[in-house]
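Novice: For the protein sequence lines, the chains are A and B, in the order given.
Each residue of the first sequence is one higher than the one before, counting from -6 in the working numbering.
Each residue of the second sequence is one higher than the one before, counting from -6 in the working numbering.
Be aware that one or more of the hints could be misleading.
When chains are identical, the list treats them as one kind, so a pair holds in a single copy or across two.
Within a straight-line C-alpha distance of at most 30 Å, the following computed BS3-like cross-link-like pairs (lysine-lysine) qualify [stated by the list, open to error]:
| # | residue 1 | residue 2 |
| --- | --- | --- |
| 1 | Lys136 | Lys116 |
| 2 | Lys136 | Lys231 |
| 3 | Lys91 | Lys231 |
| 4 | Lys116 | Lys91 |
| 5 | Lys91 | Lys32 |
| 6 | Lys32 | Lys231 |
| 7 | Lys32 | Lys136 |
| 8 | Lys136 | Lys91 |
| 9 | Lys116 | Lys231 |
Since the hints were made in silico from the structure, they are not lab data.
There are 2 protein chains.
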Amino acid sequence: MSTSENISGVRALTFDVFGTVVDWRASIIRECSLLGRSKGIDRDWERFADSWRGGYAPAMNMVRTGELPWTSIDSLHRMGLERLLIEHGIEGLSESEKDHLNRAWHRLEPWPDSIEGIERIRKRFIAATLSNGNISLLVDMAKHAGITWDCVLSSELSGHYKPDREVYLTAAGLLGLEPGSIMMVAAHTDDLLAAQALGFKTAFVSRPLEFGPSGRAEEAEGTPFDISARDFLDLAVKLGV
Amino acid sequence: MSTSENISGVRALTFDVFGTVVDWRASIIRECSLLGRSKGIDRDWERFADSWRGGYAPAMNMVRTGELPWTSIDSLHRMGLERLLIEHGIEGLSESEKDHLNRAWHRLEPWPDSIEGIERIRKRFIAATLSNGNISLLVDMAKHAGITWDCVLSSELSGHYKPDREVYLTAAGLLGLEPGSIMMVAAHTDDLLAAQALGFKTAFVSRPLEFGPSGRAEEAEGTPFDISARDFLDLAVKLGV
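Build out the structure end to end from the sequences listed, making use of the hints.
Specialist: Shown next, in the form of structure tokens:
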């Protein structure tokens, strides 16, 4: 595990959000359960949440390969939801109930260390999102969760999804910084490797519960990142703040 | 003066920044004076600041008409600075000194009510910039001044400058809101009229000192806006927060 302190020249940190800042799984399970209880619908909401998230990468890849034109995560989530409702035999939801459920992704809860960690990091660095979530989703989530960002950046601004290089280069351009002055923070190796290939500094943060107690979250062992941190408080310490 | 409370349905406020949130004139005069003192250069810095700002609209219009390709405010400021240094016979500044001076626009100071007003407004609404300043300028300024935004939006994201309609429509799209759910806030009638024509709600905020004690700031008398406020605290009151 790298614990390199090679952070000289870093001015900004860009954060992956789903899984890295917020616990999408527990949040989605809770929202589904709440709606199910109010509607008298009983299903395996853990499986439902995992399937919903599981449809995310294939849907984004359809955009990345051009099979779909640019489509926001909100719309991709909604497409996935419509399919899942059929697969799970869930009927009788109104348009407004479906919309509310789809917007559960705007109301994801942060990991316990996220808010304090970001606050500490913001004292010395620019802290921005760099998420595949659309801007409005990220803004709503930050308001809901009480997270403060210096800047909300999204794949949406480049018309590409991570790990396409355009996402990272657009973010660097908007921040007015060279890639080497930016550290990408994520719990996902593919995101960090893509950023690293463009010259970004990188920080891996472990989120062992991202896919639930029996899920297989990524581990930092043997990965070539500038920082490897247990959580955002550990990241702050390793950044010297 | 309109004091209409027609704010139902407003979810977000988008703020013009130069002149509306920050006192560009006093800030630029101070930065020029500081550099001048350290370099032993004595000039009429009030006139220098007014000329620098005065070159802003013509330069943006060159972009708006296509005479220049998309050019950031940072670059437009720098073009203006180079011209002004010649006109004022100022020589001997290093590249790093010129860059520091140009970045004075990243360090503009807020009006005394701006920070508290935005904080109050953020308790109930999304508060975003919608400025012709580039994203990095706005992020640096917010860090410097201690302003917290929910989202930093800029003309840069549409490749057009205000009052081009693309700026407002891009912002609405990114916020995921209909224009009627957004209130544009500015001390400038042209900005508000352009937003209003697209369906935005509008709030005029008086900044009588924007152009200095003897300058001619815009007045709200007779203007057709949903709110007219003396400052951001008055705006907060009129928004019911």
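Novice: Indicate, hint by hint, whether the structure satisfies it.
Specialist: Evaluated hints:
no. : hint            : in the structure
1   : Lys136 - Lys116 : both (20 Å within a copy, 9 Å between copies)
2   : Lys136 - Lys231 : both (27 Å within a copy, 22 Å between copies)
3   : Lys91 - Lys231  : neither (42 Å within a copy, 35 Å between copies)
4   : Lys116 - Lys91  : between (40 Å within a copy, 27 Å between copies)
5   : Lys91 - Lys32   : within (12 Å within a copy, 65 Å between copies)
6   : Lys32 - Lys231  : neither (47 Å within a copy, 40 Å between copies)
7   : Lys32 - Lys136  : within (28 Å within a copy, 46 Å between copies)
8   : Lys136 - Lys91  : within (22 Å within a copy, 39 Å between copies)
9   : Lys116 - Lys231 : within (14 Å within a copy, 33 Å between copies)
Violated hints, listed in ascending order, are 3, 6; each of the other numbered hints is respected by the structure.
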